[in-house]
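The listed protein sequences correspond, in order, to chains A and B. Following our numbering, the numbering of the first sequence begins with 1 at its first residue and continues without gaps. Following our numbering, the numbering of the second sequence begins with 1 at its first residue and continues without gaps.
Don't read these hints as lab results, they were simulated from the structure. Just so you know, not all the hints are guaranteed correct.
[Claimed, not checked] Footprint (simulated), chain B over chain A, 3 or more residues, beta carbon under 8 Å: (1) 169-177; (2) 191-202.
[Unchecked claim] Computed footprint of chain A on chain B; a stretch qualifies when at least three of its residues, placed anywhere within it, have a C-beta under 8 Å from a C-beta of chain A: (3) 97-105; (4) 116-129.
Because the structure is a prediction, the values reported are computed rather than measured. Backbone N, C-alpha and C fix where the C-beta goes; we use that ideal spot for every residue, glycine too.
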Amino acid sequence: MTQVARKPAAPGAEPVATRPVRRLLPSRRLERTLAVLTPVGLLLIWELAARAGAIDTRFFPAPSSIFHQMGVLAQSGELWTNTWASLRRLFIGFWVGLVPGLALGIAMGLYRPVRAALQPLVSGTYPIPKSALLPLILLIFGLDEPSKIVMVAIGVFYPVALNTAAGVANVSPIYYDVASNFGASRWNVFRKVAIPGAMPSILTGIELGVGLGLILIAIAEMVGAQSGLGYMIWNAWQVYSVETMYVGLLVIAVIGYLLALLLGAIGARLTPWRNGK
Amino acid sequence: MTVDEGRDVASTTGPAAAVSDKDPADVHISIRGLTKQFDVRGSTVTALDSLDLDIPRGQFLVIVGPSGCGKTTLLRMLAALESPTSGAVEVRHGGEGRPGNSMVFQGDSIFPWMSVWDNAAFGLTMRGVPRAEIRESVGHYLEKTGLSAFADAYPHQLSGGMRQRVSIARAFANDPDVLLMDEPFSALDEQNKTLLQAELLRIWDETRKTVVFITHSVDEAVTLADRIMVMSAQPGQAKAFVDVPFERPRDVLELRHLEEYGDIVYDIWQHLRDEVSRSQRQAAAAPATGRRRRR
Ligand SMILES: Nc1ncnc2c1ncn2[C@@H]1O[C@H](COP(=O)(O)OP(=O)(O)O)[C@@H](O)[C@H]1O
Ligand SMILES: [Mg+2]
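Sequences are here, hints too, so could you generate the full structure?
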């Protein structure tokens with residue numbers, strides 16, 4: 001990561017002129033390298049410590065054994081089945097929560113009477129830990145797929161509804177005046193003012209909701225499920241396969257990370273006016 | 001577009017100065033006994049008190065007055081964004097399918113989520129004007145306001161002066177019968193202000209639409225106006241009318257050289273002086289009632 005390591009762009013190029021640029025590049029590269037080096041370094045230390053017997057491998061098995069176990073689970077198909085089961089529930093639950101969350105949030109944001117009637121109810125039930133609802137949901141929806149999907153949906157619904165309502169209600173009144181002065185129809189006020197004005201807030205709600213959905217699906221799958229990453233982790237505890245537990249955690253972390261990237265990219269597409277801000 | 005509360009229209013006749021000496025058939029906007037009251041925490045604030053005013057077609061009318069005297073309220077009633085408590089606003093629509101009025105709002109009012117082009121095209125798009133026509137009109141006014149190169153930019157990438165230009169382009173492109181402008185340049189520095197005043201006059205000279213322009217700058221008023229209405233402090237009333245006889249097109253800078261320019265500025269300041277100090281005393285006496293929904 002030094003200047004020496006970089007080849008000159010062209011033989012005989014003026015070195016003085018390129019110096020400021022060169023100074024910038026390595027530091028940015030350094031940051032990226034550090035971002036990769038830190039976890040890799042930690043894994044290495046962990047591996048060495050496990051092999052040297054410095055840490056208890058019953059709780060912290062060596063990374064190499066975790067990755068080995070991952071290979072085993074992948075070959076047996078168990079990993080894919082469980083990952084797919086969780087993703088599927090997450091996906092369906094997301095839409096089941098998103099659609100009513102958006103609809104209710106918009107109605108609450110646009111119409112004061114709706115807000116007055118529903119805000120206390122929604123805000124009041126929001127702080128209830130969603131995981132504490134699981135027994136009730138299991139009672140109502142049974143042990144099969146519906147209860148898992150409903151748990152995800154609840155997790156998505158609340159942040160989306162509340163953030164959408166706040167976003168729509170907080171669009172500055174001057175924009176509605178402009179729309180009215182320039183003859184916008186009701187539909188256009190909705191489409192051109194209310195929704196784009198609230199979009200950043202809506203996207204925040206969706207990000208929060210997906211994060212919550214991921215937590216809730218893992219919890220829901222630990223109780224009475226026969227598939228899913230939550231089930232895999234719980235089952236690993238019962239058969240005392242610590243490596244499998246770590247594999248489950250790792251996959252969930254990777255899913256969470258990839259979903260955040262995906263939502264970030266979708267958000268950037270939906271709010272192009274915020275780019276580079 | 002007619003706002004008619006049906007009250008007091010016949011019984012009130014405005015003071016002689018309020019009515020222009022032009023052909024009365026050419027009156028574009030006729031305001032009679034216009035009053036607006038707001039309820040602010042149980043007490044009633046009279047923002048505008050029985051105002052009479054005739055604005056001839058094609059006149060550039062500038063309204064000056066101390067802040068809080070009801071200028072914005074008057075403009076919002078002309079735009080039918082607010083309804084009068086009593087009195088009437090009658091607008092004689094002369095346009096064939098063109099909108100009654102377009103407003104350049106006080107403060108930032110262009111949509112942050114639309115490009116400069118889409119902002120300027122907003123009114124035309126909302127009215128369903130054919131695309132080719134929109135392209136021509138928006139292109140024209142973006143060029144006139146020096147924004148052609150920024151058509152695809154978003155407002156946060158622009159300076160305050162450029163954002164005000166977008167707001168002006170949006171209003172002009174909409175081709176309204178009346179232009180309502182609420183302190184469009186008040187947030188700008190002196191150089192930008194002068195630049196935009198010159199730009200505005202240049203654009204206005206193309207069409208000579210009826211304009212109602214609000215400002216708290218006396219210089220701006222004299223620079224732009226055919227006629228100036230000086231308003232009294234709360235409750236807002238017409239205190240004086242001053243004609244500005246300078247010929248058009250005007251040179252914003254050369255104008256200030258003229259002896260008459262100084263005379264008119266001085267004249268307006270005389271009218272304003274007592275009003276400004278009166279409004280300051282009011283503000284000092286009742287600091288809590290000044291809270292408002294908007295800037
Ligand atoms: N929506 C409103 N609610 C209550 N009071 C208002 C409202 N709009 C304006 N007012 C009051 O009316 C008076 C005139 O306001 P405004 O027309 O904005 O003044 P100006 O534009 O001349 O500064 C002020 O005292 C203001 O507080
Ligand atoms: Mg005002």
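Legend entry - Structure-inconsistent hints, enumerated in ascending order: Hints that this structure does not satisfy do not exist here, as all of them hold.
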